[in-house]
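Using the hints, position chain H against chain E.
The chain contents come next:
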Amino acid sequence: MTRTDMTRVDGTRRGQNRSGVTRRPQRRRRVGRGLQYLALSAYLVFLAFPLVWLVSTSFKPPPELVRLHPTLIPDNPTLGNFVQAFTEQELGRAAWNSIQVSLASALLTVLIATPASYALARFRTRLGTVALGWVLLSQLFPFVLLIIPIFLVLRQAGLANTHAGLVLIYVVWALPFALWMLQGFVRNIPRELEEAASVDGANRLQTLRRVIFPLLTPGLVATALFAFISAWNEFFFALVLIKTPELATLPVALARFVGIEGTARLGPLAAGSLLATIPSLVFFAVMQRRLASGSLAGAVKG
Amino acid sequence: MLDRVNRRRVTRRLAAAALAGVVGLGALAACGGGSDDGSSGPVKLRFLSLAWQKESLQANKDLVAKWNAEHPDIQVEYVQGDWNSVHDQLLTAFEGGDAPDIVHYEAASIGEFSKQGYLADLSGLLSDDFKGQIDKGIWDTATFDGKVTGVPFLLESQVVIANKKLLDAAGVAVPPADGGWTWDEFQANAQKLTGPGKYGVAWALKSPTNRVLNLALNFDGKYFYTDGGRTEVRIGDAEKEVPKRIHDMLYGSKTASPEALGMSGADTLPGFFAGKYAMLPGSVSLRQQMVEQAPAGFEWVTIPPVKGVSANQAANPQTLSVAAESEHQKQAAQFLEYFLNPANMAALAKGDWLVPTGKQANEELVRATGGKQGWDVAADSARDLTVAPFQMVDGYPEWKLKYATPALQQYFANKITLDQLGTQLVDGGKQVLR
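Quick mapping for you: the protein sequence lines, in order, are chains E and H. The numbers in UniProt numbering rise by one with no breaks, and the one at position 238 of the first sequence is 238. The numbers in UniProt numbering rise by one with no breaks, and the one at position 342 of the second sequence is 342.
Rather than coming from a laboratory, the hints here were simulated on the basis of the structure. Any given hint could turn out to be false.
Calculated pairs, SDA-like style, for lysine to any residue (alpha carbon to alpha carbon, straight line, at most 25 Å) [claimed, not checked]:
1. H:LYS198 <-> E:ARG67
2. H:LYS402 <-> E:PRO142
3. H:LYS54 <-> E:ARG67
4. H:LYS66 <-> E:GLN84
5. H:LYS44 <-> E:ARG93
6. H:LYS206 <-> E:VAL258
7. H:LYS198 <-> H:ALA266
Simulated coverage check for chain H against chain E, where a stretch passes if three residues somewhere in it have a Cβ under 8 Å from a Cβ of chain E [to be verified]:
8. 77-83
9. 265-275
It should be emphasised that the depicted structure is a prediction, and the values quoted were computed from it without experimental measurement. Note that beta-carbon positions come from the ideal geometry of N, C-alpha and C, so glycine has one too.
Bound-form chain E, shown alone (with noise of 0.2 Å):
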């Protein structure tokens, strides 16, 4: 065996490492990876730069709100704004009132829906495709065009001005995207495991309660987000509703900041808003682990 000048002792080629791969690709592969990450801190900056503002906005003094060259960490910083904003507002009772309203949303949406969407995915039939058309022709109507009717409906059921009148809206409005988002998850729970529990016995009552829903819950975790940030975030119905100011939720509460064209008492809004945003981070942080998928992987083999 003749050794050309390229190889060397150890049998490997310039520009390879023991294990036979060329260097070359590895570092191109490391300086991938290194934009990769690079990107990737871009994103997460560009993520989290307006959280960052926010809480810099709400701890500055009026004057440093307007300055030509404003600065990330104010050089007075100050409690005043958090002050403001819950002795003008009442921004705790707001809170209060918006954790009530959205968690009863999340899992009433969560309770119609996961039964609503089961049989929608497992029973085939005219009436569901039927169903799931409606559902998403539904997401088209305008809020400006319901509003009315709505009102009317709840204040003949005496509704109207209460929080589960909100509520009832909300997961009215939340069902037909948590429906259609739902199904899709039973749709990836394998037949084969339904099957599976019928011939070790167990009736359909027992392979929901047993089968699905364990494998369903990343998909019942993010129906409940979904209707949580949703009924969080939610301002018109709110405002249109609720006419008794200790019921105000915290979207209406805060839009009392802004003034005439835009105009807006940036630092109480700002403090407000970095208070809003607490609770539901809270809800996803106890929430995401749930989220986890790929707990179906191999679970069905052949």
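Quick look at chain H alone, frame taken from chain E:
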């Protein structure tokens, strides 16, 4: 297969969640506002207010609290709304038959509600003494088809806020409160205040239509003309004067900053405080930002409204109305007379940094403030505020949104000529006022 323990845990949690949901909804149903049966006890009035500035909000709440303490038989519930969504909120409330008894809004916007019969005619409900404190010209802004459907109480005039040190350095004297500059003087002074990297003026023209039509009255520019019951848009020399002068400042003398064109009044403040712009034409309420946000040592002055053939400007006062469906219109009017008596109106105007419509309230405010912080100029500017033709035109909001604002923005961006601007405004009028 799945771990049995896990499955049980998930099942239990789902059951708990379901239970919590049902219990929660039941509890929430109890969180209702309840309805006022109105069968006994004091009369209850709901007052939707749009006050949003700290001082103004406090003044409103204090007055309501004082009224409630003094009038146990008529209790007012203060509800804070917001300017951006009040139109939709009111429209829904009127249509749904659940409107507040007393509504805070503005003269230019209550016409639509008046014509639909949602607002009560107050002319017979208010005393002559009360009506006499406000000029007829101002009452006209809230009078529709012969019905007075709002009490005008706060006015907003257009003044000029200037950096005093820059004026002094350029040798520009501050005019007295009762004698402002002419447009020619204003433009000449802007020239003196312009230098490298500095502009004499920042015209904040993000929403240019109202401002241009307001100031057009300086040259008797009406824009809307009604003959024989038919209204149309006409653009003559009078209408062209203000846009042409602003355009000249932007691109002729270059004394106005082009970057301010896309800004609102508040957006120009950083540049103003940094000395980049010497003068800000804007609302009289801008003075509040001066007091609250100007850096230490910054000196500012309020220059009276600029004059053309007159100093006339359009008056679009904030108003208080009573809902036609209110069962307690008389009591609501009683509250309005109290809430807007001269002393209270002065307090409300001071809180919002606006001009009270009442003559006595205006005098009281100047006396209380000593005319400082531009209150003398603000008070004096009230006499030039009058009803403008555009305020009485039904299709004005649509014309403004679809045609006037885009056309003016294009003109001020130097993309179309003055004649093209005129053509677009007239054509827009034909579309809207058919």
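Hint check results:
no.	hint	in the structure
1	H:LYS198 <-> E:ARG67	16 Å, holds
2	H:LYS402 <-> E:PRO142	21 Å, holds
3	H:LYS54 <-> E:ARG67	21 Å, holds
4	H:LYS66 <-> E:GLN84	22 Å, holds
5	H:LYS44 <-> E:ARG93	24 Å, holds
6	H:LYS206 <-> E:VAL258	17 Å, holds
7	H:LYS198 <-> H:ALA266	18 Å, holds
8	77-83	holds (count 7)
9	265-275	holds (count 7)
Every hint, counting from the list given before, is met by this structure.
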